[in-house]
Amino acid sequence: MKKTTCKNTTMKKLSEDLPPGCHGPVTVTGAAGRLSCRMESDAADIPPICNYLISKQGYRFASIVIEEMPEEWLAHYIFYGDSSQGPVSISARVNKADNLLPSISHLIHAADWHEREAEDLFGLVFHGHPRLGEFVLHEEWPEGTNPMKKDFDATVSYIHKEAGPGWHPPGE
Amino acid sequence: MASAGRVSESGAFMMPIGPVFSGSAESAHFLLETVGEDIIRMIPRFFYKYRGVEKTAEGLPADRALLLAERFSGTSAFAHSLAFCHAVEEIWGIEAPRRAVVLRVILAELERFRHHVAAMEGICNSTGLVVAASQAGILEEDILRLSCKFAGHRYLFGLNIPGGLQRDFSDTECMELGRGIQEIFVKLQDLEKRLRYSSSFLDRLEEVGTVSLEDAVDYGLVGPVARASGISGDLRTCLSYGDYGSFEFSVPVEREGDGYARLRILFQEAKQSNSIISQAVSSIPVGGILQPPPPGAKPSGAALGWAEAPLGAAFHWVRLKENGRVARYRLTTPSFTNWHGFHLSTEGFAFQDFPIILATFGLSNAECDR
Amino acid sequence: MSGWVLKGLKTGIRTTPYPKVEEHAPGVSPGRPEGGVPAGDKKPADFACPVDAITVRDDRVSVDYNKCIHCARCLPPAGAILVKPAGGYEWAYKIQRDAVDPGGVEKTCRRSLHIRVVDGGACNACLSEVSQITKPYYDIHRLGFFITPAPRAADLLLLAGPVTEHMKLPLKKAFEAMPGPKVVMAVGTCALSGGIFGPGFASGGGVAGFLPVDIAVPGCPPPPLAIIHGLLLAAGRKDPDPTTSPGPGCRRDAQ
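Protein chains in written order, with this note's numbering: chain R, 1 to 172; chain H, 1001 to 1370; chain V, 2001 to 2255.
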């Protein structure tokens, strides 16, 4: 996608005027098409930036998109507001060896299930998330199965554990 | 604080419901902690219908992945295929011709109209008002038959393709559709009027299943459920797409957040859909209906496509490779967002209200589980 | 309250006369592509059906309805190798029976059949069509068919959806809870061949490998009249069409 200058007048200044709690650097680039702005930062800056977008700029949380790159995980957090500005995304990269992203669910409750889904399907850990555990994949799946990872072969069927009919929700 | 696996109060009873329950309900599991009649906690468990759509899409050509986008949730098929097409069209740098854009608006609103009438039928059924449910059922089947006559499929499958539509519709057909929807809408208004004066029906909906504005904002609820609680967001206006900017319509908002507010929103949105369809069918631009993708190697990249599905905001994030195949496909659906907040509406209400609250939300498990 | 009664009486009877009389109202069925000599001037060998439902042999095109998902890409104007005749909804067929009488549902439930609907991961279009059969236009109650929430009281298990991994156990338990005689009806392309989802890691290739299927109703989704046709076959009130063969991918397990 061709990068152009950022169309979003508010976000343009973000790289110089960092939100409170941010250490930087935050790169703000334009994005072609309907996304008005793309930002990239360290993983540690994700919670303060998301908090800033929600509480100060009135954006709403849309989604977390996790992409698997050869050596790292790329996480995009997507927010949207009114039509004059279009959606914005803030992305962070973490090494596969670390496998850890900071949770934003204590700030944005709507992100709770997105993080739980990413944990179940990718094996990522969201540090600070109150309750991780079985969510998408039920108890029949072997431990450590992460279907969305690239090394998972989706065309074969898997040997599943015998599951009983009862279910207790994962507790604290 | 009580552990999720044990009752939190003495005398409480954990009642499991599902995944196979009721007449023809979707598969989902609800664990209700009840003290007498009152639900004090509701813990849902979903993903019984997890089909791994995001994984299955990887490596598929875009037009094959479109079939997945269309069919993972059959009752919002057109809206999701539209959002997917928007994402792919943005990556490929193509724009659907104006005729296709307006036809897409007509089809999307037709789907919304049908979906809302089906939801009304579900609400009337859940409250036991059988005649009203039958009236709504008749209207729903009328819309399905009208859709089939117009578009060749009752649920509008097989219409969207990246770049436009697979087939065209004559202006006469469109005018006929507009007239048909208007006739159905008149009968729907009669139904609405009668329901407004059915006090036993309203008793079961008013102040039942309330979701406050603060909770709705906190959980990021979308769609008619959020609008019933006071959040005015609608992707057709706040992230305007298609040609919605050139049609006059309003987005209804209520304040109470209870079951009756959600029903009123459904009626008002159906009215707006009817209005958009009648405006659109009388002013369809001439021209082609498909902008084909660039020949040879296609641009690669990632884009976000969105559409206001009948249940709320749907976001499809797609990354395509140069060979036009999907590298990553992320689906965020309104049901996924709203099921998260569903427990708010049940806690504190009677156990007997549970099916009614479930019907007023009208959410889809297929859309959530993917 | 009397307002509703009068309204109901004024609305009159909307129910289809099927099966006494064929239903011809427009829009009751989406129709499906018809095999045979290809139409138009596009070469069928150049056409790739997204779900491999189309086979070409000696210049004749045949469609496997167990796999067809009604994407309309083989029809004009997109593909233009097949035609879609209007109407037609008697799509259900019986699976080849073994020598041993599988259950005797036809004898005991001829006049009244109780149905337990199980959603094995269906997209909702099939479930929506299944829910239409209790609504005024189709009203299966007049035929003596009822949807029951209890598997213990059911004679027929109606399944929609490719069976997802998570629904295998609930489905097995629902089937085992049903007392004999019982039959299984698989509704929709997903239940017959996995549709566009399966077979894969999270969903199966339909229910045939998991439960013995007696009646199959292909379609994506099959219209309510096709589902009613399937129910009539199950109750022995319609004779199966001898020209319809079961097709690959849907065989009854020898038990």
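Just so you know, these hints were derived from the structure itself, not from any lab. Since the structure is predicted, the reported quantities are computational estimates derived from the model, not experimental observations. You may find that some hints are simply not true.
[Unchecked claim] Label-pair distances were calculated between CB atoms; the ranges are:
no., chain 1, residue 1, chain 2, residue 2, range
1, H, Asn-1323, R, Glu-72, 40 to 48 Å
2, R, Lys-150, V, Ser-2062, 48 to 56 Å
3, H, Glu-1322, V, Thr-2055, 26 to 34 Å
4, H, Arg-1179, R, Thr-145, 49 to 57 Å
5, H, Ser-1200, R, Gly-128, 43 to 51 Å
6, H, Ser-1200, R, Asp-17, 53 to 61 Å
7, H, Gly-1036, R, Met-69, 53 to 61 Å
8, H, Gly-1128, R, Met-69, 49 to 57 Å
9, R, His-160, V, Ser-2062, 52 to 60 Å
10, V, Ala-2150, H, Asp-1215, 49 to 57 Å
[As the list claims (entries may be wrong)] Taking lysine to any residue pairs in the SDA-like style, the calculated list, with each CA pair at most 20 Å apart, reads:
no., chain 1, residue 1, chain 2, residue 2
11, R, Lys-150, H, Phe-1351
12, H, Lys-1298, R, Arg-34
13, H, Lys-1055, R, Arg-34
14, H, Lys-1321, R, Glu-68
15, R, Lys-149, R, Val-125
16, V, Lys-2238, V, Gly-2104
17, V, Lys-2084, V, Gly-2144
Beta carbons are placed, not taken as given, at the ideal position from N, Cα and C, and that holds for glycine.
Consistency of the hints with the structure:
no. : hint                                : verdict
1   : H:Asn-1323 x R:Glu-72: 40 to 48 Å   : 24 Å, violated
2   : R:Lys-150 x V:Ser-2062: 48 to 56 Å  : 38 Å, violated
3   : H:Glu-1322 x V:Thr-2055: 26 to 34 Å : 32 Å, holds
4   : H:Arg-1179 x R:Thr-145: 49 to 57 Å  : 54 Å, holds
5   : H:Ser-1200 x R:Gly-128: 43 to 51 Å  : 49 Å, holds
6   : H:Ser-1200 x R:Asp-17: 53 to 61 Å   : 59 Å, holds
7   : H:Gly-1036 x R:Met-69: 53 to 61 Å   : 54 Å, holds
8   : H:Gly-1128 x R:Met-69: 49 to 57 Å   : 55 Å, holds
9   : R:His-160 x V:Ser-2062: 52 to 60 Å  : 36 Å, violated
10  : V:Ala-2150 x H:Asp-1215: 49 to 57 Å : 36 Å, violated
11  : R:Lys-150 x H:Phe-1351              : 44 Å, violated
12  : H:Lys-1298 x R:Arg-34               : 19 Å, holds
13  : H:Lys-1055 x R:Arg-34               : 25 Å, violated
14  : H:Lys-1321 x R:Glu-68               : 14 Å, holds
15  : R:Lys-149 x R:Val-125               : 14 Å, holds
16  : V:Lys-2238 x V:Gly-2104             : 15 Å, holds
17  : V:Lys-2084 x V:Gly-2144             : 33 Å, violated
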